[in-house]
Amino acid sequence: MIKIQVSKIFILSVIVFWIVSIVSCRKDDAIGTGNEVLELEVPLGFPYPSIPEDNQPTKNRIALGKILFFDPILSRDSTISCSSCHHADKKFTDGLKVAEGIEGRKTLRNSMTILNTAYQPNMFWDGGSPTLETQVSAPIEAHEEMDFNVMKVVERLNNHPLYPSLFRKAYNSGPSAFTLTRAIANFERTLFTGKSKYDAFQYEKKSDALSASEKRGMDIFFGERAECFHCHGGFNFTDFSFKNNGLYEVYADSGRARITTLHDDVGEFKVPSLRNVALTAPYMHDGSVATLEDVVEHYNSGGKPNFNKSFLIRPLNLTQQEKEDLVNFMKALSDQ
Amino acid sequence: MKSIKSVLCLAVVGFIFSFSSCKKDDSDANNIPNTDTIGELSFNFRQFVGNDRIVYSQVYNDTSGRPFKITNLRYYISNIVLIKANGLELPLSGKVLLVDNEKEQYTLGEIPVGDYSGLRFMVGIDSATNHLDPALYDASNPLSYQPVSMHWGWNFGYIFMKVEGNVDTDSVPTGNLNGIISYDIGSDPLVRVINFNHIFSVHGNINTVNFKFNILKMFSGIDLATESITHTNPGRDLADRIASNWLLAFTIEP
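Here the protein sequences line up with chains A and B, keeping their order. FYI, our numbering numbers position 173 of the first sequence as 173, with every residue one higher than the one before it. FYI, our numbering numbers position 146 of the second sequence as 482, with every residue one higher than the one before it.
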């Protein structure tokens with residue numbers, strides 16, 4: 001019997017050793033605190049966004065991405081940062097017709113908000129970059145934006161007194177193209193908007209959250225006469241598609257066709273979210289429309305003739321009151 | 337007792353196995369290449385204007401007598417396939433070269449010794465690789481982001497060939513290089529595969545195939561006065577003609 005007891009103890013100790021040895025094979029994946037994978041706080045009524053396996057959100061990664069987002073170290077002459085075109089106090093737009101890079105260089109297009117960007121199935125007005133991680137290189141390397149180079153940014157970050165340790169803390173690895181693009185995307189994926197009067201009405205079921213005019217505007221917005229919701233529907237007020245809205249007879253900027261080269265895509269641009277739309281003038285891909293009233297007027301007119309115009313863009317014959325109601329509803333999409 | 341013994345035996349085996357699984361796989365170290373069967377092969381790429389090697393800042397004339405100079409010339413070579421004398425094809429999977437005018441020799445690594453009757457390669461990057469994230473490669477990999485960019489962020493994919501320089505754009509050239517040459521050629525449909533009939537053999541350490549890239553042949557049918565800039569899209573026509581000229585511009589030198 002004693003012999004059996006000894007054997008049992010031996011077996012037990014061997015198994016314990018075995019487990020310990022397997023565990024010790026793993027890398028230490030929680031250096032200090034702040035490296036636990038977080039659950040993002042998504043607005044009420046929103047789905048949880050899909051997040052790449054290699055860039056799950058942690059406190060350290062978000063913090064690093066935030067510092068990088070506001071740091072002009074990314075631009076060639078160290079004058080502009082991501083936040084120069086995506087101002088936190090302008091709902092992450094810049095209030096300009098088209099974005100401006102270093103030395104006042106003008107780009108072709110209006111700065112889109114990056115709020116709720118976690119849900120974008122592709123990036124930019126023309127969908128030219130597939131993910132939030134891959135898009136980081138575009139503004140860094142574009143001549144009209146930061147006019148710099150990903151590997152040269154990485155070199156700067158490696159020579160910086162603070163960044164190398166922040167990167168190691170967040171990614172267990174120093175500054176590289178991988179960690180740079182991951183960190184900025186990690187921060188951007190945490191930027192949500194979804195606390196408007198409309199959300200209080202729709203998701204919190206507060207029936208008095210919207211005024212009578214806003215409610216009438218909502219009916220027009222979601223009705224089959226104005227049909228706004230066909231493109232600007234869903235929790236983020238966009239179906240993320242590319243559409244030609246008849247802004248021009250001939251487009252100087254070919255939009256989606258610049259990527260696909262397809263004639264059928266000429267003049268098509270990403271349908272933008274209408275959240276905070278009252279706070280993010282001017283409008284359209286080139287910022288050519290100054291006010292929300294002008295935007296409504298454009299759609300009410302049916303736009304200009306264009307071979308590729310969406311069939312949804314046609315004269316609406318809205319009354320003055322209906323136009324006002326529609327504008328009031330869109331104003332109710334601003335974060336409280 | 338018997339069952340306890342067998343459990344004990346299993347546990348001990350597992351214990352040992354778990355330790356050995358911690359070790360890195362070092363079996364490669366035992367694979368010392370056999371020089372009877374494995375040799376080394378390099379490709380040399382030299383860039384020319386006609387019969388003159390391209391030297392940055394040197395002024396050359398195109399076939400119409402229009403002066404130009406080149407200040408930056410780089411291109412991707414991929415999907416290399418060597419063809420053995422018996423017709424068997426040997427694809428060098430995953431091998432990508434980023435040719436830079438300032439560097440001549442590109443090693444392909446270990447290649448089976450023997451006689452070869454030809455080869456082919458792609459100028460550019462195939463569509464399966466073209467749109468992957470360059471940040472996923474080590475900085476030393478040609479497919480990583482480069483200090484002189486060979487990648488588009490706005491239209492996500494590689495620039496297959498980059499040519500930069502200056503050109504005299506006057507209708508009657510005066511020698512004043514007043515215009516810029518800027519070709520960024522890329523996008524999936526513009527890859528070109530070039531076949532070479534070339535008898536060579538691989539034995540020992542030094543085996544080289546010398547390629548000549550003649551930029552005058554790439555400029556064939558192109559008017560540098562008016563067609564000195566394209567970043568491929570929009571209006572892909574010029575980029576398409578340039579890419580098709582690659583088929584003539586690359587030759588093998590003896």
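There could be a bad hint or two in this list.
What the hints assert, rightly or not - One side of the interface only, derived from the structure: several residues of chain A facing chain B at Cβ under 8 Å: (1) P130; (2) A142; (3) M151; (4) F178.
Calculated from the structure, these hints are not laboratory results. Glycine is no exception: its CB is placed at the ideal position from the N, C-alpha and C atoms.
Here is what the structure says about each hint:
{"no.": "1", "hint": "P130", "in the structure": "6 Å, holds"}
{"no.": "2", "hint": "A142", "in the structure": "7 Å, holds"}
{"no.": "3", "hint": "M151", "in the structure": "5 Å, holds"}
{"no.": "4", "hint": "F178", "in the structure": "4 Å, holds"}
Comparing the model with each earlier hint shows no violations; every hint is respected.
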